[in-house]
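So you can see what is in the structure, the chains are spelled out below.
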Amino acid sequence: GAGVSQSPSNKVTEKGKDVELRCDPISGHTALYWYRQRLGQGLEFLIYFQGNSAPDKSGLPSDRFSAERTGGSVSTLTIQRTQQEDSAVYLCASSLEAERRATQYFGPGTRLLVL
Amino acid sequence: AQSVAQPEDQVNVAEGNPLTVKCTYSVSGNPYLFWYVQYPNRGLQFLLKYITGDNLVKGSYGFEAEFNKSQTSFHLKKPSALVSDSALYFCAVRDRGSGNTGKLIFGQGTTLQVKP
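In order, the protein sequences belong to chains A and B. For the first sequence, the residue numbers in our numbering are 6 to 120. For the second sequence, the residue numbers in our numbering are 16 to 131.
A few of these clues could be false.
To be verified - Counterexamples of contact, computed for chain A against chain B with all Cβ distances above 12 Å:
#, residue
1, G8
2, E19
3, G21
4, D23
5, R27
6, E49
7, D68
8, F70
9, S78
10, T81
11, Q85
12, L96
13, A98
14, R106
15, R116
16, L120
Stated by the list, open to error - Going by beta-carbon spacing under 7 Å, a handful of chain B positions derived as facing chain A:
#, residue
17, K37
18, K84
19, G122
What the hints assert, rightly or not - Only part of the chain B face toward chain A is listed, based on derived beta-carbon distances under 7 Å:
#, residue
20, L59
21, L63
22, Q123
23, G124
Note that these hints are calculated values from the structure, not bench results. C-beta: ideal position from N, C-alpha, C; glycine also.
Next comes chain A alone, as it looks inside the complex (with noise of 0.2 Å):
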């Protein structure tokens, strides 16, 4: 079946405009993970979605970050008055079950530029 899928696949903004990344995650997994990876750099968790549970948010560096994920499926990032450091790819994960030996898949990642 397909994999998770992301959009864009690529963002340049201005600074100070806000963003909207997507991620579909695989049919039927229940858990949804974002990341961030700045340039030259491994991951950063931001945060972590599993079923109705409140979503672990402890990775979000700053409020002007936001996320949320409808239906159980698909989830949105946002990113509000964007800022230069904010310039990275922002990599989706989904995963079967929310155990923590549960392999997590990866999207292909949208690529954000903040001018």
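Chain A is already provided as a structure; the job is to place chain B on it using the hints.
Below, chain B without anything else, positioned relative to chain A:
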């Protein structure tokens, strides 16, 4: 604090030779350990993971990794490297504790360059 270290920014290997990409971790208790590979302009692809049992884990594309509890390491290995293995490799860890958290802790990544 949990952390993952990949001590080599880059590993260079000749095609046909064995390769090792190193990973050490700092996590309380026994962690779950993962390796992912990232090709240019693409997302991460899962290679293998250690959950429990046999310390030697076999994964995709002929890769394997050995969990060493005493050395807190999980090095990625392949007996014979291919040019097509050239990519960025990430080690990641997840602890076995309780609580509602899903995050993987990633290393900084190691670029593998396989030369013909």
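So, going through the hints one by one against the coordinates:
1. Its closest Cβ contact with chain B, about 8 Å, brings G8/A to no more than 12 Å, contrary to its assignment away from the interface.
2. The Cβ of E19/A sits about 24 Å from the closest Cβ of chain B, beyond the 12 Å cut-off, so the non-interface label holds.
3. At the 12 Å boundary, the C-beta of G21/A stays outside the reach of chain B, the nearest C-beta of that chain being 27 Å off.
4. The beta carbon of D23/A sits about 24 Å from the closest Cβ of chain B, which is more than 12 Å, so the claim that it is off the interface holds.
5. At roughly 15 Å, the least C-beta separation between R27/A and chain B is larger than 12 Å, which holds for a residue marked as non-interface.
6. With a least beta-carbon separation of about 8 Å from chain B, E49/A fails to lie farther than 12 Å from that chain, contradicting its non-interface assignment.
7. Non-interface call for D68/A relative to chain B: holds, since the shortest CB-CB distance, roughly 19 Å, exceeds 12 Å.
8. With a cut of 12 Å on Cβ distances, F70/A stays outside the contact zone with chain B, its closest approach being about 15 Å.
9. Against the 12 Å criterion, S78/A stays outside the reach of chain B, whose nearest CB is about 17 Å from its own CB.
10. Annotated as non-interface, T81/A keeps its C-beta farther than 12 Å from every C-beta of chain B; the closest such distance is 18 Å.
11. The claim that Q85/A lies off the interface holds: its Cβ sits roughly 23 Å from the closest Cβ of chain B, which is beyond the 12 Å cut-off.
12. The beta carbon of L96/A sits about 6 Å from the closest Cβ of chain B, which is not more than 12 Å, so the claim that it is off the interface is violated.
13. Some Cβ of chain B comes within 12 Å of the Cβ of A98/A; the nearest lies about 8 Å off, and the non-interface call is violated.
14. The beta carbon of R106/A sits about 5 Å from the closest Cβ of chain B, which is not more than 12 Å, so the claim that it is off the interface is violated.
15. Not every CB of chain B lies more than 12 Å from the CB of R116/A, the least distance being 8 Å, so the non-interface label is violated.
16. The beta carbon of L120/A sits about 20 Å from the closest Cβ of chain B, which is more than 12 Å, so the claim that it is off the interface holds.
17. For K37/B, the suggested interface contact is broken, since its CB lies about 15 Å from the closest CB of chain A, more than 7 Å.
18. Because the smallest distance between the Cβ of K84/B and any Cβ of chain A comes to about 17 Å, over 7 Å, the interface hint for this residue is violated.
19. Annotation: interface hint on G122/B holds; nearest CB of chain A at approximately 6 Å, less than 7 Å.
20. Annotation: interface hint on L59/B holds; nearest CB of chain A at approximately 4 Å, less than 7 Å.
21. Because the closest C-beta pair between L63/B and chain A is about 9 Å apart, greater than 7 Å, the hint is violated.
22. A distance limit of 7 Å between C-beta atoms decides the matter here; for Q123/B the minimum to chain A is near 5 Å, and the interface restraint holds.
23. Annotation: interface hint on G124/B holds; nearest CB of chain A at approximately 6 Å, less than 7 Å.
Hints 1, 6, 12, 13, 14, 15, 17, 18 and 21 from the list above are not met by this structure, while the remaining hints are.
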